[in-house]
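These protein sequence lines map, in sequence, to chains A and B.
Position 31 of the first sequence, counted from 1, bears residue number 31 in this note's numbering, the numbering being contiguous throughout.
Position 284 of the second sequence, counted from 1, bears residue number 1284 in this note's numbering, the numbering being contiguous throughout.
Rather than coming from a laboratory, the hints here were simulated on the basis of the structure.
Because the structure is a prediction, the values reported are computed rather than measured.
Accuracy of the hints is not assured; some may be wrong.
To be verified - Reference excerpt, derived from the structure (chain B facing chain A, CB under 7 Å, subset only):
1. Glu1103
2. Arg1241
3. Ala1246
4. Gly1247
5. Arg1249
6. Glu1253
7. Lys1300
8. Tyr1302
9. Gln1304
10. Pro1309
11. Phe1398
12. Gly1401
For each residue, glycine too, the CB sits at the ideal point set by N, CA and C.
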Amino acid sequence: MLIPHPLLGPRDAGEFTYLGDARLLERPDGLGPDAPAAFHDYVYLRDNIAGVQRELWFHEQGDRSWLVVTRDTLTHEILKAELARDVVLARKEAGK
Amino acid sequence: MRFSGFRVFKEAVTGHKGWKPLWRNPEPKPAYDIVIVGGGGHGLATAYYLAKVFGQARVALLERGWLGSGNVGRNTTIIRSNYLLPGNQPFYEFSMTLWEGLEQDFNLNAMVSQRGILNLIHTDAQRDAYRRRGNAMILSGADAVLLNRDQVWAMAPFLNFDNARFPIKGGLLQPRAGTARHDGVAWGFARGADLAGVDIIQNCEVTGFRIEEGRVKGVETSRGYIGAGKVGVAVAGSSSRVMSKAGMRLPIESHGLQAFVTEGLKPTIPGVITFGAGHFYVSQSDKGGLVFGGDIETYKSYAQRGGLPVLEDVVEGGMALMPMIGRARLLRAWGGVADMSMDGSPIIDRTPVDGLYFNGGWSYGGFKATPASGYCFAHLLATDTPHETAKAMRLDRFERGYVIDEKGVGASPNLH
Ligand SMILES: Cc1cc2nc3c(=O)[nH]c(=O)nc-3n(C[C@H](O)[C@H](O)[C@H](O)COP(=O)(O)OP(=O)(O)OC[C@H]3O[C@@H](n4cnc5c(N)ncnc54)[C@H](O)[C@@H]3O)c2cc1C
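Bound conformation, chain B alone:
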C-alpha cells in the first residue's frame, strides 16, 4: 500500500474502506540471519536499511512492548547537525541529509520541517565558542549563520533581550535544522521495513542471550528462543539492563528526561530556540502547543517520569527568556529514560562477544540521529566495518582515551 494524494482522494470518496494496517503482525520464525532488539527509532531504522540498502532478507526486530513506546515517542522532535567535534559532526550531518530525503524514501509524511534552530548568545566568550562551532559545522558540509542582536530581534522579538544576567547579544542559526513528527518517523521506518520483508515482532521481550564459545547463537525471549546469526541491540534507556545479560558493564547511566507542552496557541515561535545558559529550549508544534524542556534529572532513574525540581528549573528558564510564556497553560508533562554515556556521545560498535553488536548511549539527543544511526548500524551489521561517519563511536574509546566529550565535563553522565 503506497500513500499518494490520489489515494487519499480515492479513499475519501469511497468511505475510507481501503486502508490496511501499516505492518503485518507475524509469528516469530525459529531463526533469522539478523535479529534487532528494540523497536524504537534506531532499531526500526536499522531494520529498514538492512533490508532496503544492504539486501538482508532474513531480519527480525523484537520489541518488548509496542512500537514507539520508548523515547522515540517521547522526545521533543528536534533535528539538527550543530555539533563541534570531528567524531560527531559528520555523522549528524549525514543524518540531516537522510532526513531531507526521508519522507520520499519511506513514502510516509513524517512532517519533517526545516524551520531552523537558534542557539542564543549572551557573552563575548559564548560568541567565540559559537563562531568556532559554526565553522566546524560548515567544514562538515552543514549550514551555519552567526546572527547579531538585531537579526535575532527580527526573528523573535518576543524574547527578553535585556535580561540583567543574560542579555541576548546574538545567536548561532542552523537554517536546515528543525523538527519532525516523532511517531511518524517510527511508523515510516516500521512500515518500510515490513514492506521490505522484515518481521516486526511486538510484545516480545529479550530476556537473555545464548552465547557459545564467545559467539552469540540467538536470543531468549518472552515468546521463546529465536536463533540468530547476528544480534544488534538498540534499546536506548534499557542498554545496561539488556547488555548485562551478555555479561557486559557499559559506560552508561540511565537518567530521566522530562518534556512539557502547553495548550495550542497561534503561530508565535519561528523555529527552535535554545537558551543554554538558562537550561531551556522551546519550539512550537504544528498543532500550536509550545513544546519545551531543559536539563535531565541529576539522579539515576528508570521510572519514565521526572520530579518537580526540574520542572521548576525549566519554567524559570522559560520565564527568564520569554516572559509571555507565563500566560500559556501547561497541558502535559512526561518523561523518558535517557541512556547517558560517560562522554555524552553515542556508541555504534561490535562487542567482545562475536556476532553481538551494540547501539546506544544516545543520551538526550538521539532522535535527530535516527536515520544515520540506523544506516550506520545496518552498515556495521551487514559488512562488519564501521560506516565512515561513525568510526569514532567505538565502545572501547574510553579505555583508549579517545572520548568524544562535546561539553568537556568528563565522566559525569548527569552533566553532559
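Chain A with its partners taken away, still in its complex shape:
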C-alpha cells in the first residue's frame, strides 16, 4: 500500500504506524460533567466502518508527521492523505 504523503509524495505504508479512526482527534473535555462516559466512548468504542473511513497514520520511519488518510476498508484503496495538523486547524477555523 502506498500512502500519498502531502509533503513527501507516495510512501510505503510500512513506514507508518496505524492508530485508527480519525475521530480520535476529537478528544473530549476531561473536566466536563459527562467526562467518564465521554472517555469510555472515546477510548473504547469504534464505528468500525466497512467502506470509506478517515483514519490516523503516523509517519514514524519518515518525517514523523501525523496524517489523516481517507481509505476504503473493503478494498484498501487510498483516496486522500492530509496533514492531521491542517485538518485540526481547519476545524478550529470553522469554529468547531
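Assemble the complex: chain A is given as a structure, and chain B with the ligand must be docked to it using the hints.
Using the frame of chain A, we list chain B with the ligand on its own:
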C-alpha cells in the same frame, strides 16, 4: 444418519449410494423462539447446544453465505487452554474438555488431535512469565509443563537453538493442546443442530432488527422478515456492521489476519510451536503441509486478504526459528477478518436491547473457543444468566474498568 465403522464398510460394498446430505435446507418459518445470526463455528455450536442441552425446540440459524465461509474455515486450527487471566482461562479449559468429548458427542470425525503446543522461551524474564502462566493453567485444571533446553531439543531438534538474538532456553508445553479439522467442526455442529431440529438457513443475510419499545421482535433478512423471541448475534469479523443495525457501537475493530500453507512434507513437526518473540507459529497438517502464521495486519480491513509486509515478516520469523523451512514451497496464502476487541478478549453478553444478545470480539483466537462459546452463549440465551466460566466476558466491562487484557497493551486492538 449416524456414522460408524460398520456404515463406512457397508457403503463401500454397496457403491456409496446410501449417503445423504448432512443437513436439510429448509425454508424459513415466519417466527422462532430463538434466532441465531451467523453460521460460523460459534453460531452453529450455539444452535447445537441450545437444541441438545437446553431443550430449545424452535431455533433457526441464519447465515449470509454458506456455512463455514467465514473464519471457521480460514483459521490455523489450533486449540489450547494456555491463558493467564482468571476471566479467560477457566473458559478456555472448559472448551478444551468439550473438545475432548466432541466427536463422540456430535458423531463426526473432526480430527481433534492433542499433539501439544510448545511456547518457546528465550530469556529469564520470559521463563518467569511462562512459569506463572503454567501455574495459572494448572490452577484452572489444565495441564502445563515447563521444559528446559534439552527437553525442547529432544522434541524439535530442527529448531535454531543458537540464534544470536533469540537463543532457545526452554519452553512451556501444554500436552493436551493441539489441532482440529476446522471444516469438520463446522459440519459436525451443523449436522448435530439439524438433527436436533434447528432450521439452518443459508444465503440469508440479516439486514436489520425490528426493535419496539426497547425490545427485539425479529430480524429483517434478504429472505424476508423473521420473528424472534430472542436474537443471538455471532458474526465474528462482521460484528460492528451487524450490531450497528441495532444502533450499537462496539469496542471492536476488524483487522485482516493471514495464514499460509506449504506443499505436503513428511512428518516433521511434532505439535504446534510458537515463536512469540519472532511473531511466528507453525504446525503440520495431517496432509503434511506446514501451516503457519504470525501477526494481524496493523490497519483495519474487511477485505478477507492481507498484504505482503506481514507475509515478509512471518517468513522472516520462520527462517529465524527453523531455517529448514526455506526449502519448503509455499502453496497458498489466505486471510480472514478478525474481530479484534479493545482488550483482546471476547464478549458473551446481553445488550441494552431486550432480547438481543451478542457474542464476538474473538480476535485471532476464537476457533479453540468454539465449543465453549456455543455452550456459554446457549446458556445465556436459554437461561438469561451467564455460564460460570463466561461471567467476566461482559460488554460493559470497559466502562466499569474490568478489562481482560492478557497482553497488557491497553485499548489498541491491533497490538493484542
Ligand atoms: C487466518 C486465521 C487464522 C486463525 N487461527 C486460529 C487458530 O489457530 N486458533 C484459534 O483458536 N483461532 C484462530 N483464528 C480465529 C478464529 O478463526 C475465529 O475467532 C472464529 O472462527 C470466529 O468465530 P466464527 O467461527 O463463528 O466466525 P465465522 O466463521 O467468521 O462466522 C461468522 C459468520 O457470520 C456470517 N455473517 C456475517 N454477517 C452476517 C449477516 N448480516 N447475516 C447473516 N450472517 C452473517 C458470516 O458469513 C460468517 O459465516 C484464526 C482466524 C484467521 C482469520
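Outcome of the hint check:
Here the hint on Glu1103 of chain B is broken, as its CB sits about 36 Å from the closest CB of chain A, past 7 Å. Interface restraint check for Arg1241 of chain B: the shortest CB-CB distance to chain A comes to about 5 Å, inside 7 Å, so the restraint holds. Hint on Ala1246 of chain B is violated. Least Cβ distance to chain A is approximately 14 Å, over the 7 Å limit. Using the Cβ-Cβ criterion of 7 Å, the hint placing Gly1247 of chain B at the interface with chain A is not satisfied: the shortest such distance is roughly 12 Å.
Hint status for Arg1249 of chain B relative to chain A: holds, with the closest Cβ pair at about 4 Å, below 7 Å. Here the hint on Glu1253 of chain B is kept, as its CB sits about 5 Å from the closest CB of chain A, short of 7 Å. Interface hint status for Lys1300 of chain B: upheld, as the beta-carbon distance to the closest one in chain A is roughly 5 Å, under 7 Å. Hint on Tyr1302 of chain B holds. Least Cβ distance to chain A is approximately 4 Å, under the 7 Å limit.
The criterion of a C-beta within 7 Å of any C-beta in chain A is not met by Gln1304 of chain B, whose closest approach is roughly 10 Å, and the hint is violated. Annotation: Pro1309 of chain B was flagged as interfacial toward chain A, and the flag holds, the nearest CB pair being 5 Å apart, inside 7 Å. Look at Phe1398 of chain B: its Cβ gets to within about 4 Å of chain A, closer than 7 Å, so that hint holds up. Taken as an interface hint, Gly1401 of chain B does not check out: its beta carbon lies about 9 Å from the nearest beta carbon of chain A, beyond 7 Å.
Hints 1, 3, 4, 9 and 12 from the earlier list are contradicted by this structure; the remaining hints agree with it.
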